[in-house]
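*Asks:* Starting from the structure of chain A, add chain B where the hints point.
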Amino acid sequence: MPLAAHAPTHSQALGIYRIVGRNDEATTASRYGAPLLGALHDIYKQSAFWQSKLKFAEAREHLDLTASLNEGWNGYGAEAPSGLARQITAQVLGSLEQVLLPPDHLRPSAEGGIGLSFVNRDKRAVIEIYNSGEVAAATYSNEGAPEIWELEASQDQILDTIARIRVYLTA
Amino acid sequence: MYISPRERPERLYRRGRGIVPEFAGTESLYLRYSSQYFLQGQLTPDAIRSQMKQSVNRGNFSEPEDVLFSESGEYDALGVIEFKVSDIPPRVDQPDGPAYVFFMTHQPQDTNYSHSEIWSDHEHRTGGFRRPSRTVSLEFRTLLCRSLTAERIRIEAHR
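The listed protein sequences derive, respectively, from chains A and B. Numbering-wise, the working numbering comes out as the position in the first sequence, counting from 1, plus 712. Counted from 1, the second sequence has number 112 at position 127 by the working numbering; the numbering is strictly sequential.
Be aware that one or more of the hints could be misleading.
Partner residues are not named here, just some residues of chain B that face chain A (Cβ under 7 Å, in silico) [to be verified]:
| # | residue |
| --- | --- |
| 1 | Gln25 |
| 2 | Thr29 |
| 3 | Pro30 |
| 4 | Asp31 |
| 5 | Arg119 |
| 6 | Thr120 |
| 7 | Glu124 |
Treat the hints as calculated values from the structure; they're not laboratory data. Even glycine gets a Cβ: it sits at the ideal position worked out from N, Cα and C.
Only chain A is shown next, with the shape it has when bound in the complex:
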């Protein structure tokens, strides 16, 4: 009976190695831990990509938290966000992540639903997803009339709204 053997696979390198100091085997990795951690922290802080990922992680954490809210959660009788609102919000977050436009915060809305807010200097935008599944968005600043529109929770319309918000915030 032939012996079964896995064919060798050649995957991409999993790491980049370099010699640190004299490679003294008596020196533990902890010596290099602190500077390495500091360097990684600097890279993380300066990276728009990682900062964006952090904001998406925070938004998803807040989205999960909305599932545990009860009616009247804000002391003013607000409805708890519905499953439908959470589902559409997750879809909107996915679309935002595709284009790396993270919300600055995600909160349950006093109107009944979930709100995503964006800010860049004096320009702001919001997408509100209501418990009924309706969605509305706004761009506004401290001057002039806000722009308000409704949209359907379709991928096309969500992407159009995201593009419109991006243009407004960065103009």
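*Replies:* Okay, now just chain B, sitting in the frame of chain A:
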């Protein structure tokens, strides 16, 4: 961090006092808020509502901290923001529907005489509350939030 007294202030009891329908533009209104709804110095529109009537306390009959009063401490560590009646956008138009007007109504309760609500109605007054459309509501709230800035905080929220 503000901790509510467990005994209701005497000024909050109605004690047979009547409705005072007039609101001067300069009268203060007090709204409870959470720090989670402040984003770069301004309250976000999802912190307030207008499709349902938004409650506030009117300044003529209460102090800012009365918004946080709770015998059980339910609102401890939340904050209070003040705005004026004149900060309320009086009217919001929409292209395909009636314009809405927004105004204050005094809705005293037995244990909170200052309790008031922001109401909306069609431009040609029906005399009651008319729920605004989604877009009108969002526009109203974005406009009002322009006035709900860090400078208007009377008691800072810690949660």
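*Asks:* Look at each hint and say if it fits the structure.
*Replies:* Consistency of the hints with the structure:
| no. | hint | result |
| --- | --- | --- |
| 1 | Gln25 | holds, 5 Å |
| 2 | Thr29 | holds, 5 Å |
| 3 | Pro30 | holds, 6 Å |
| 4 | Asp31 | holds, 3 Å |
| 5 | Arg119 | holds, 5 Å |
| 6 | Thr120 | holds, 5 Å |
| 7 | Glu124 | holds, 5 Å |
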